[in-house]
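Produce the complete structure using the sequences and hints provided.
Protein chains: 2
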Amino acid sequence: MLIVQKYGGSSVANTNLIYNVAKRIQKSYSQGDKLVVVLSAQGDTTDELKAKAMEITSNPSKRELDMLLSTGEQQSVALMAMALNSLGVPAVSLNAAQFGLYSTSNYGNARIKRIDTERINAELEKNNVVLIAGFQGINRYGDITTLGRGASDTTAVALAAVLHAARCEIYSDVDGIFTADPRAIGTAKKLNFISYDEMLELASLGARVLHNRCVELAKKYSVVLYVKSSLTDDEGTLVGEDSKMEKMLVSGIAIDKDVSRISVVALKDEPGIAFKLFSALAKEKISVDIILQSIGRNNTKDISFTVAKDDLDKALEVLENNRAFLGSDKFIHDNKIAKVSVVGAGMATNPGVASIMFEALYDVGVNIQMISTSEIKISVLIDEKEADLAAKAIHNKFMDNNVNLAV
Amino acid sequence: MLIVQKYGGSSVANTNLIYNVAKRIQKSYSQGDKLVVVLSAQGDTTDELKAKAMEITSNPSKRELDMLLSTGEQQSVALMAMALNSLGVPAVSLNAAQFGLYSTSNYGNARIKRIDTERINAELEKNNVVLIAGFQGINRYGDITTLGRGASDTTAVALAAVLHAARCEIYSDVDGIFTADPRAIGTAKKLNFISYDEMLELASLGARVLHNRCVELAKKYSVVLYVKSSLTDDEGTLVGEDSKMEKMLVSGIAIDKDVSRISVVALKDEPGIAFKLFSALAKEKISVDIILQSIGRNNTKDISFTVAKDDLDKALEVLENNRAFLGSDKFIHDNKIAKVSVVGAGMATNPGVASIMFEALYDVGVNIQMISTSEIKISVLIDEKEADLAAKAIHNKFMDNNVNLAV
Chain A
1 MLIVQKYGGS SVANTNLIYN VAKRIQKSYS QGDKLVVVLS AQGDTTDELK AKAMEITSNP
61 SKRELDMLLS TGEQQSVALM AMALNSLGVP AVSLNAAQFG LYSTSNYGNA RIKRIDTERI
121 NAELEKNNVV LIAGFQGINR YGDITTLGRG ASDTTAVALA AVLHAARCEI YSDVDGIFTA
181 DPRAIGTAKK LNFISYDEML ELASLGARVL HNRCVELAKK YSVVLYVKSS LTDDEGTLVG
241 EDSKMEKMLV SGIAIDKDVS RISVVALKDE PGIAFKLFSA LAKEKISVDI ILQSIGRNNT
301 KDISFTVAKD DLDKALEVLE NNRAFLGSDK FIHDNKIAKV SVVGAGMATN PGVASIMFEA
361 LYDVGVNIQM ISTSEIKISV LIDEKEADLA AKAIHNKFMD NNVNLAV
Chain B
1001 MLIVQKYGGS SVANTNLIYN VAKRIQKSYS QGDKLVVVLS AQGDTTDELK AKAMEITSNP
1061 SKRELDMLLS TGEQQSVALM AMALNSLGVP AVSLNAAQFG LYSTSNYGNA RIKRIDTERI
1121 NAELEKNNVV LIAGFQGINR YGDITTLGRG ASDTTAVALA AVLHAARCEI YSDVDGIFTA
1181 DPRAIGTAKK LNFISYDEML ELASLGARVL HNRCVELAKK YSVVLYVKSS LTDDEGTLVG
1241 EDSKMEKMLV SGIAIDKDVS RISVVALKDE PGIAFKLFSA LAKEKISVDI ILQSIGRNNT
1301 KDISFTVAKD DLDKALEVLE NNRAFLGSDK FIHDNKIAKV SVVGAGMATN PGVASIMFEA
1361 LYDVGVNIQM ISTSEIKISV LIDEKEADLA AKAIHNKFMD NNVNLAV
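Going down the list, the protein sequences come from chains A and B. Using this note's numbering, the letters of the first sequence correspond one by one to residues 1 to 407. Using this note's numbering, the letters of the second sequence correspond one by one to residues 1001 to 1407.
Fair warning: there could be bad hints in the mix.
Listed below are the simulated BS3-like cross-link pairs for lysine-lysine, each with C-alpha atoms no more than 27 Å apart in a straight line [unchecked claim]:
hint: 1; chain 1: A; residue 1: Lys52; chain 2: A; residue 2: Lys27
hint: 2; chain 1: B; residue 1: Lys1301; chain 2: B; residue 2: Lys1283
hint: 3; chain 1: B; residue 1: Lys1052; chain 2: A; residue 2: Lys27
hint: 4; chain 1: B; residue 1: Lys1126; chain 2: B; residue 2: Lys1027
hint: 5; chain 1: B; residue 1: Lys1027; chain 2: A; residue 2: Lys62
hint: 6; chain 1: A; residue 1: Lys301; chain 2: A; residue 2: Lys397
hint: 7; chain 1: B; residue 1: Lys1330; chain 2: B; residue 2: Lys1285
hint: 8; chain 1: B; residue 1: Lys1052; chain 2: A; residue 2: Lys23
hint: 9; chain 1: B; residue 1: Lys1050; chain 2: A; residue 2: Lys23
hint: 10; chain 1: A; residue 1: Lys126; chain 2: B; residue 2: Lys1062
To spell it out: a stretch of chain B is covered by chain A in this simulated footprint if at least three of its residues, at any positions, have a beta carbon under 8 Å from a beta carbon of chain A; those stretches are [what the hints assert, rightly or not]:
hint: 11; region: 1082 to 1094
hint: 12; region: 1228 to 1241
A partial selection of chain A residues facing chain B, derived with a Cβ cut-off under 7 Å [stated by the list, open to error]:
hint: 13; residue: Ala13
hint: 14; residue: His333
hint: 15; residue: Asn335
Don't read these hints as lab results, they were simulated from the structure. Think of the CB as a built atom: it goes at the ideal place given N, C-alpha and C, for glycine as much as any other residue.
Rendered as structure tokens:
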């Protein structure tokens, strides 16, 4: 059985942990599985390399930053190959250039375009465990790119898809997907199953376990995805097709503190203004999340939206540069906010979820700044300081009080 | 004017030193030179990576070790590109896979087979400073190799040859080639010129400034080679074609402590025994330096030879495995020895050099274990503890006493 595994940086942070993972790989290998294993850089390596770059310049070339950062994953796979060899397991490490993971040229946040399977299959034929440097690709000039946040997971799922693997296992230091972040909310429970769609909402809402690009890809190619711990034998969480049998009202609560809100006040109330505003932001590759538009006075309107904290300065710059056609120069921003969301496939058919959530927030006196909803999620924007309190209150309301049983 | 420069690890060991080099490059660039710059890994990076590998296993796969070690140079070039960019100098970093430096598959000590110039020339056309990760190559499967000791110098000279550069400048933390190691012998003098052949002898004798592979290549392709300091404006030493005008009797003294002696005692005195002995060693890629054969008793002979310290264990293993046909199992070894050599193109026409050297050793009471000579050098094997004393005595005899003037 061909299995693609991915181990995060905390799972390979030092020699002991590398051997811990190597032994897990050995066990699987000795059962006759063929293994392709994607690794992240060890522990804080990526941050340390970034710090090195920042010591050189506060604004490093993105191409060169990718050249620098990609070395972290290359080191991980080389060390793991050595560990496997010393356990008697034949293994070979490959970087993106070696097996051919082609991406766009968007340094720092490139997208996978194509993956060659020839070299990997040749190594599998030779009974090698194939260790893949995650996070990285090469563009059509052979220059090294990195694939952005959550990229090693995405690499693993993409490999599982093109190699037609029986399953893809994503390992980290938690047992699987929880109803909320167990570090923030002690009563959070592990889920045995979550649907692609629910996971997608949770991922895009800031639950850090899986990145949404990875889940999207898994859904698109029906990759059987397991989220597991590299430290326990817990069976983890299966992420798969929506099962009609059991739809939890709320399967998870997510907190996202990486949010900034920008309000453009007294915009001209003309057709196309919103389109121009958001296409100007899109051109600079700034992702906008929640958008709220309200009628202002004197033929104007106000538009508020959220962006990732890292994008705040750039977004404000875009607005400044487009003052003229926006007809507004009043840009208010706030980066002391957080987004708290509840996700559940059962929500679509149960209109009471929003009111239960708002009640929970009211109970603990948390003020809601913005609200956004989809078929299977509700997000609220609140003060960053109140995020944990709010999430705990919501979690208690839904989970501990067995509200789910009502579905 | 196209110049290839190479900066060693100590020249780029930290951010300050990176900027020091970046400013030198900037100066050259602003004078209109086109620059291809080869870098080593920062400071102790390679040793630190090796230590990481040794923590995993005492006998790491050579392929994987190269995969690991090559990241050091990739980090250097990326950081230097960032520094140059921040000084307003356009620069691009390239690893071996990106510009195409093809080598043999002999991991850890691969040889350059071919260098593609297309990518480098394209970047030079765009007025970029081209930063090349030294020390590394790729084999025909695209797997990463490293080129062994002194490889970044060799890369630089090879690039100067294929790019038809006006000259190749090798930068380190010393001002050039000295008549002896200035750290060991304070009276050592910098040479303004040394011939390829003299440099070759010095390099192969353990003078650490330039590796002989690099000098051989420079000689073969008539590359104009400068050895300079990255910390001063000294014009350095020019390494070039032998000038007939001035032939120094002795141009340098070298100490090599990386030597082990092995003696095979009471070998069968049969034709072909020596051939078989040394071809068995060659098959394991063990380089043998000085060889001395003497007649033993009862139709036997003794053969002594020297190898690098790292190769001692392997060499002894080869001997053990070939006991039967050697007809000897008495292998004596000593790794507390050093080789001290004098080199000079004038020596060939002046038979008195050896006796002056031996007199200097006699003066300080140093016992000579083995002697080896070539047209332009004399080496003696002595006790490691006496190496510095011996070198100083020889240096004084030749340099300070103006013996050279006698030529």
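Against the structure, the hints come out as follows:
1. A:Lys52 to A:Lys27: violated, 38 Å
2. B:Lys1301 to B:Lys1283: holds, 23 Å
3. B:Lys1052 to A:Lys27: holds, 24 Å
4. B:Lys1126 to B:Lys1027: holds, 18 Å
5. B:Lys1027 to A:Lys62: Given that 27 Å is the threshold and the Cα spacing comes to 25 Å, the pair holds.
6. A:Lys301 to A:Lys397: violated, 36 Å
7. B:Lys1330 to B:Lys1285: holds, 22 Å
8. B:Lys1052 to A:Lys23: holds, 19 Å
9. B:Lys1050 to A:Lys23: Holds, at roughly 22 Å.
10. A:Lys126 to B:Lys1062: holds, 18 Å
11. 1082 to 1094: holds (count 6)
12. 1228 to 1241: violated (count 0)
13. Ala13: Constraint on Ala13 (chain A) not satisfied, violated at 12 Å.
14. His333: Because about 28 Å separates His333 (chain A) from the closest Cβ in chain B, which is outside the 7 Å limit, the hint is violated.
15. Asn335: Violated. Min distance 27 Å.
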